[in-house]
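Chemist: What follows is each chain in one-letter form.
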Amino acid sequence: MGQIITIDPVTRIEGHLKVEVEVENGVVKDAWCSGQMFRGIEIILQGRDPRDAPLFVQRSCGVCTYVHYLSSVEAIEDAVKVKIPDNARIIRNLLHGAQFQHDHIVHFYHLHALDWVDVVSALKADPKATAALADNVSQAPWGGASYFKQVQDRVKSFVDSGQLGPFANAYWGHPAYKLPPEANLMAVSHYIEALRVQANAAKLHAIFGAKNPHLQSLVVGGVTCAADLKPDRVAEFKYIWKETQEFIKNVYIPDVLAVAGFYKDWGAIGGTTNFLAYGDFPQTGEGPSSDLMPGGAIYKRGFTDVQKMDEKKITEHVARSWYEGKKDLHPYKGVTEPSYSDYERGGRYSWIKAPRYDGKAMEVGPLARVLVAYGKGDPGVKKLVDDTLAHLSIPAAALFSTLGRTAARALETVFIGNAMEGWLNELVANLTKGDDSTYTPWEMPNSAMGRGLNDVPRGALGHWIEIDKKKIKNYQYVVPSTWNLGPRDAKGGMGPVEEALIGTPIADPKRPVEVLRTVHSFDPCIACAIHVIDPNSNEVYKVKAL
Amino acid sequence: MQNEKEKNRQEFFEKLEQKGITRRDFVKFCTFLTATMGFSASYVGQVVDVFAAPAQRPPVIWLHMAECTGCSEAALRTMYPWIDQVLLEIVSMEYHETIMAAAGHQAEDNLHAAMTKYKDKYLCVVEGSIPTKFDGAYGKIGGRTFLEIARETTKHAMATICLGSCATHGGPQAAAPNPGGYKGVSEALGIKTINIPGCPPNPINLIGTIVNFLLMGKLPALDSNGRPLFAYAHTIHDKCPRRSHFENGEFVTEFGSEEAKMGYCLYEMGCKGPETYNNCPIVKFNDGTSWPVEAGHPCIGCSEPNFWDTMSPFFETL
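Protein sequences, first through last, are from chains A and B.
Take the first sequence: its letter number 174 is residue 173 in numbering that gives the first Met the number 0, and every next letter is one higher.
Take the second sequence: its letter number 156 is residue 155 in numbering that gives the first Met the number 0, and every next letter is one higher.
Keep in mind the hints are simulated off the structure, nothing from the lab.
No experiment lies behind these values; they were computed from the predicted model shown.
For glycine and all other residues, C-beta sits at the position ideal for the given N, C-alpha and C.
Any given hint could be a false lead.
The calculated lysine to any residue pairs, modelled on SDA-like cross-linking and capped at a C-alpha distance of 25 Å, are [claimed, not checked]:
{"id": "1", "chain 1": "B", "residue 1": "Lys154", "chain 2": "B", "residue 2": "Ser223"}
{"id": "2", "chain 1": "B", "residue 1": "Lys27", "chain 2": "A", "residue 2": "Ile239"}
{"id": "3", "chain 1": "B", "residue 1": "Lys27", "chain 2": "A", "residue 2": "Tyr262"}
{"id": "4", "chain 1": "A", "residue 1": "Lys148", "chain 2": "B", "residue 2": "Arg8"}
{"id": "5", "chain 1": "B", "residue 1": "Lys154", "chain 2": "A", "residue 2": "Gln162"}
{"id": "6", "chain 1": "A", "residue 1": "Lys148", "chain 2": "B", "residue 2": "Trp81"}
{"id": "7", "chain 1": "B", "residue 1": "Lys14", "chain 2": "A", "residue 2": "Phe157"}
{"id": "8", "chain 1": "A", "residue 1": "Lys509", "chain 2": "B", "residue 2": "Gln105"}
{"id": "9", "chain 1": "A", "residue 1": "Lys241", "chain 2": "B", "residue 2": "Thr77"}
{"id": "10", "chain 1": "A", "residue 1": "Lys375", "chain 2": "A", "residue 2": "Leu391"}
{"id": "11", "chain 1": "A", "residue 1": "Lys237", "chain 2": "B", "residue 2": "Gly287"}
{"id": "12", "chain 1": "A", "residue 1": "Lys80", "chain 2": "A", "residue 2": "Tyr331"}
{"id": "13", "chain 1": "A", "residue 1": "Lys28", "chain 2": "A", "residue 2": "Arg344"}
{"id": "14", "chain 1": "A", "residue 1": "Lys148", "chain 2": "B", "residue 2": "Gly189"}
{"id": "15", "chain 1": "A", "residue 1": "Lys432", "chain 2": "B", "residue 2": "Glu257"}
{"id": "16", "chain 1": "B", "residue 1": "Lys14", "chain 2": "A", "residue 2": "Lys237"}
{"id": "17", "chain 1": "B", "residue 1": "Lys283", "chain 2": "A", "residue 2": "Arg232"}
{"id": "18", "chain 1": "B", "residue 1": "Lys120", "chain 2": "A", "residue 2": "Gln162"}
{"id": "19", "chain 1": "B", "residue 1": "Lys14", "chain 2": "A", "residue 2": "Asn199"}
Label pairs and their calculated CB-CB ranges [to be verified]:
{"id": "20", "chain 1": "B", "residue 1": "Ile190", "chain 2": "A", "residue 2": "Asp159", "range": "33 to 43 Å"}
{"id": "21", "chain 1": "B", "residue 1": "Ala112", "chain 2": "A", "residue 2": "Lys123", "range": "21 to 31 Å"}
{"id": "22", "chain 1": "B", "residue 1": "Gly142", "chain 2": "A", "residue 2": "Gly25", "range": "22 to 32 Å"}
{"id": "23", "chain 1": "A", "residue 1": "Pro440", "chain 2": "B", "residue 2": "Glu13", "range": "50 to 60 Å"}
Using the sequences and the hints given, assemble the complete structure.
Modeler: This is how it looks when you write it as structure tokens:
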């Protein structure tokens, strides 16, 4: 057996994740992902008023703060059979688009960049040369030698203080860091600027959603922000959208391309096999058939042959997770009882369950969405992808990688961000012709079932609800990080992140920055990924205390 | 001393201006913060100095327990001071899993090094609640339970600040039937904490508490729930801009209605404002952009103890 490397905690993610890899001859041979926390939101939902469910499940995650809220509301709307007004659909799209803009900026700069960018090396950069580099690759509004000198001085006085805070004791100087000092300084500057850009971008959520994190303006039947459908609010939204989109186009995309140029070898590392997208952003009241980002399934990397997505093919396995049972079940039928035992690589080793589609592990998220849209021939996505491949002089096969995943995330941010302008114009047109409707009245049925399927920053998200006697009888959600970070299934098939780690070169087993690159490229969100479904009783918890 | 301070101030303002923030904007922010904290205007100069001329950046150890990271995200949204200023110039964030570059055992080393180096001198911010069932087996970091980590880390903290309703009272995972035996930090550990509840709390209430500490050398005055009085002394209802509609009997009875469009009172839609202590209507969220009632949604009482059970069903009238 090779050497086992454990990373626990995996930092710069949401939640508590442990990753182990087995390394032999400098390459990852085996891998295990383990979710380290269990909260049990679904158990708590049972017997409650269905209208409260969206507020509860929203608290699964404060990073992708909008998405569970949206899927939950839509699951109930599906159950109670209410069709929301056009303005509500548009406002939900706008809030969802803003979530992508915000989330992907934060992911690239604050959660992922330090896997590629060496902060300490930035201190050695020549500010003049940095300015020249920045002028060449980016259209950032900040620049010039004096600007980069200031940033460098700021970082230097921070380092000199001896209080290194969040930058302390990382893998700086590791041979896998390839950027020259000037590119590092440029990236560090944009890391700092992006901290402000994201705070500003989050105002988009506050305008029609009260606040961010944890928006509070969706209800079953529509949206509550009726009094905010005024020219000043719309203009405020448009102005901040524009600032954010300019950052995405002029800074985020050029930075991704510039960094990728130094790491082309990562176009052959970190790939997976199968991909799934539910699709999202309905362009009309017709629902999924009008989605801006289409749904579909791709097997064995065959992206020119996208299959129709069929929700009935989804099951969840628990054979290798800390729950009772071994059988895989569809979410409507999910039965789960937590049963914690030791961490055993050959046995049960995670609080995350293992969802499968048609029996297969599927990668979800930006890469899956972009591949599905590309495969279906969406001209906008096709152009973005082809231009990027040409710019980097890499083949389409390089998309199936850590590099491809990170690039796809950036590209869809532009694509979705661009579409937001059209939605704003639609909203204005509706208001101009006097349509300011935001809500459709409805009544709670005695019993009903419904589902909400969305595609959110981290991937395919589904919520399923069963209502009985006007209360929640059963509730379950299968989230993107469950798909990506789940453990092995009953047949021993690996989860996507586990699969992606196989073959990763490791230069120094004590400082496995290469593992972080691939894990982070999936943007893990572990609090979302772990929850439990429908135990009819709560008494059988077998826990072996360690 | 005075000259030194003035020099530091000048340098600070020059730096700010290079970043496109005028001295006037900054003083305006400090005035707002001073007022939020309930100090008289004569303190504005001292608040300015907290940012302009800090002696040594106070070490902060930030623990993530059972939570959703919404409180960290809320803190990232602070504006004036911006989060980069907080991280680079105001505090020394020794441990924070969401933003720290270090991972795995090197991250753990950072935690232990900070606890040793700054023993009895660091602020411990806790985000999230603590599972207590089965000795805390439902939540682990680096092979140790949240319970164990929190007990050890808060022991030698100068003060423990519970940020958000999970850390203060257990959060949604502690709602009935509370499958993991989740508790707020004070209850799980049997220690006294400063509580900044909210789901998530407004970042200005955290920054206000830290600034109060840096300015006065002590923590702000607290109510019986451990909440800083500068933020939690009044009910939402008392300060609500829709209060006159309540007094006039002008209520929204259906979302999307003409009454909703006119911004009438949300009491009949289930608003929990009359029983919720917080400063949302005054400071609002995301740089004063909005807050739930302004967006037409009833308050859900998210800063009250155990609100997930005591305030729900959220859409039923109080």
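Chemist: Next, verify each hint and record whether it holds.
Modeler: Against the structure, the hints:
1. Pair hint Lys154/B plus Ser223/B holds up; C-alpha atoms about 22 Å apart against a cutoff of 25 Å.
2. Between the alpha carbons of Lys27/B and Ile239/A the distance comes to roughly 22 Å, so the proposed pair stays at or under 25 Å and holds.
3. Pair hint Lys27/B plus Tyr262/A does not hold up; C-alpha atoms about 45 Å apart against a cutoff of 25 Å.
4. For the given pair, Lys148/A sits about 21 Å from Arg8/B by alpha-carbon distance, which is consistent with the 25 Å threshold.
5. Of the supplied pair hints, the one linking Lys154/B and Gln162/A holds, its CA atoms being roughly 22 Å apart against a limit of 25 Å.
6. Using a Cα cut-off of 25 Å, the hinted pair Lys148/A and Trp81/B holds, with the two alpha carbons roughly 20 Å apart.
7. The suggested pairing of Lys14/B with Phe157/A holds, with an alpha-carbon distance near 14 Å, which does not exceed 25 Å.
8. Taken as a hint, the Lys509/A and Gln105/B pair is honoured in the structure, with Cα atoms around 10 Å apart against an allowance of 25 Å.
9. Taking the CA atoms of Lys241/A and Thr77/B, the gap is near 21 Å; set against the 25 Å cutoff, the hint holds.
10. A C-alpha spacing of about 23 Å is found between Lys375/A and Leu391/A, which places the hinted pair at or below 25 Å, so the restraint holds.
11. Our distance criterion of 25 Å between C-alpha atoms is met by Lys237/A and Gly287/B, whose separation comes to about 18 Å.
12. A distance of roughly 18 Å separates the Cα atoms of Lys80/A and Tyr331/A; the hinted pair therefore holds under the 25 Å criterion.
13. Among the hinted pairs, Lys28/A with Arg344/A is consistent with the structure: their alpha-carbon atoms are about 14 Å apart, no more than 25 Å.
14. A hinted pair counts as satisfied when its Cα atoms are at most 25 Å apart, and Lys148/A with Gly189/B does not qualify at roughly 49 Å.
15. With a C-alpha separation of about 17 Å, the suggested pairing of Lys432/A with Glu257/B holds against the 25 Å cut-off.
16. Between Lys14/B and Lys237/A, the direct Cα distance comes to roughly 30 Å. Violation of the 25 Å bound is thereby established for this hinted pair.
17. The straight-line distance between the Cα atoms of Lys283/B and Arg232/A is roughly 16 Å, inside the 25 Å bound, and the hint therefore holds.
18. Restraint check for Lys120/B and Gln162/A: satisfied, since their Cα atoms lie roughly 14 Å apart, inside the 25 Å limit.
19. A C-alpha spacing of about 21 Å is found between Lys14/B and Asn199/A, which places the hinted pair at or below 25 Å, so the restraint holds.
20. Evaluation of the 33 to 43 Å hint for Ile190/B and Asp159/A yields a pass: the beta carbon distance comes to about 36 Å.
21. Hint check: Ala112/B to Lys123/A, Cβ distance near 25 Å, so the stated range 21 to 31 Å holds.
22. Look at Gly142/B against Gly25/A: about 26 Å separates their beta carbons, and that is inside 22 to 32 Å.
23. Separation of Pro440/A from Glu13/B is about 58 Å and conforms to the stated range, judged on CB atoms against 50 to 60 Å.
Comparing the model with each numbered hint stated earlier shows that hints 3, 14, 16 do not hold.
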